[in-house]
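Could you put the whole structure together from the sequences, leaning on the hints where they help?
One gets the numbering used here by counting positions in the sequence shown from 1 and adding 173 to each.
Hints should not be assumed to be uniformly reliable.
Said to hold, decoys possible - Distance condition first, Cα-Cα at most 30 Å in a straight line; then the derived BS3-like pairs of lysine-lysine:
#1 Lys-271 to Lys-362
#2 Lys-309 to Lys-244
#3 Lys-364 to Lys-383
#4 Lys-364 to Lys-395
#5 Lys-368 to Lys-309
#6 Lys-368 to Lys-221
#7 Lys-384 to Lys-221
#8 Lys-410 to Lys-395
#9 Lys-244 to Lys-234
#10 Lys-335 to Lys-244
#11 Lys-239 to Lys-335
#12 Lys-362 to Lys-381
#13 Lys-368 to Lys-294
#14 Lys-294 to Lys-362
#15 Lys-404 to Lys-368
#16 Lys-294 to Lys-364
#17 Lys-234 to Lys-221
Claimed, not checked - Simulated restraints, written as ranges between beta carbons of each label pair:
#18 Pro-240 to Lys-368: 21 to 31 Å
#19 Lys-384 to Arg-357: 20 to 30 Å
#20 Lys-221 to Met-377: 24 to 34 Å
#21 Leu-385 to Glu-243: 31 to 41 Å
The hints are simulated quantities; they were obtained by calculation from the structure and are not laboratory data.
Don't be surprised by glycine CBs; every beta carbon is placed ideally from N, CA and C.
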Amino acid sequence: MIECRRGRIHSIESMGLVDGPGIRTVIFFQGCSLRCIYCHNPDTWDRKLGYEVNSVELIKKIIRYKPYFEKSGGGVTFSGGECLDQEEFLLELLKRCKEEGIHTAIDTSGYGRGNYEEILKYTDLVLLDIKHINDKGYRRITNCGISGLEKFIEALNNSNSKVWMRHVVIPGITDNEEHMESFREILYKIKNLDKVQLLPYHSMGVEKYKKLHISYPLKGVKDMDEERLDKLNSIIKKVSSF
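If you want it as structure tokens, here you go:
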């Protein structure tokens with residue numbers, strides 16, 4: 174019998190369409206160790222905020238949407254904040270979902286508290302957000318070193334989970350050809366890579382920073398130009414798998 178655990182979440186999106194295949198229930202966990210300069214959800218950072226739930230009640234909510242999952246090829250996605258920050262709570266939810274035959278995904282920066290091998294046993298798809306390609310750039314964007322991500326990638330490459338790689342392109346920081354060439358090299362090192370998505374930086378989260386009285390790190394940076402993004406995408410598409 175699986176133990177009932179309690180955890181903290183920020184919110185639930187019942188009919189998500191962009192966080193994995195098909196129609197998905199997206200569970201946004203509360204708490205994150207990174208402080209990404211482009212984060213549009215700073216209200217998910219503090220682990221003391223959000224609200225507490227138990228795994229039994231949360232699974233009951235998820236199961237209600239099984240007919241939509243089955244018709245669309247969807248499932249559940251655990252996101253954040255950072256879902257790997259509550260590793261035992263996440264693991265129990267993943268196990269219960271697999272018992273119900275529900276497709277599971279985690280949307281993560283790969284920067285958590287460990288137990289990755291066990292978590293990935295019950296994860297069908299990993300949406301992995303790569304913040305930067307080297308330690309200096311990673312620290313600039315997240316205020317943390319890249320070694321935490323490297324530990325997760327090691328576990329990921331030892332698993333059978335499929336991977337969708339995501340990378341936010343920021344004007345003046347990661348929107349150049351040299352950076353994309355280096356990023357492309359990382360893709361060859363990821364096992365079971367199924368899709369790559371370059372995501373354009375946008376400033377939609379500015380108002381949240383104002384409400385939370387937090388200084389916005391990228392003040393004055395314009396939203397990423399879509400035409401420029403298309404050109405950078407052409408570099409990534411040189412990877413034969415895509």
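If you draw a straight line from the CA of Lys-384 to the CA of Lys-221, is it 30 Å or shorter? Holds, at roughly 18 Å.
Does the Cβ-Cβ separation between Lys-221 and Met-377 fall within 24 to 34 Å? This hint holds: roughly 25 Å between Cβ atoms.
Given hint Lys-221 paired with Lys-368 - CA-CA distance at most 30 Å: Judged against 30 Å, a Cα distance of about 34 Å means the pair is violated.
Does the alpha-carbon distance linking Lys-244 and Lys-234 stay inside the 30 Å limit? Holds, at roughly 18 Å.
Hint consistency between Lys-234 and Lys-221 [alpha-carbon to alpha-carbon, up to 30 Å]: The hint holds at about 23 Å.
Please verify whether Lys-410 and Lys-395 have alpha carbons no more than 30 Å apart. 25 Å, holds
Starting from Lys-335, check that the Cα of Lys-244 is at most 30 Å away, please. 21 Å, holds
Regarding the pair Lys-294 and Lys-362, is the alpha-carbon distance no greater than 30 Å? Holds, at about 20 Å.
For a C-alpha distance cap of 30 Å, please report whether Lys-404 and Lys-368 respect it. Between Lys-404 and Lys-368 the Cα gap is close to 18 Å, so the pair holds against 30 Å.
Does Lys-364 pair with Lys-383 here, judged by a C-alpha cut-off of 30 Å? 41 Å, violated
Would you mind confirming whether the straight-line C-alpha gap from Lys-309 to Lys-244 stays at or under 30 Å? 45 Å, violated
Straight-line Cα separation of Lys-364 and Lys-395 no greater than 30 Å? 34 Å, violated
The structure does not agree with the numbered hints 2, 3, 4, 6, 12, 19 stated previously, though it agrees with the rest.
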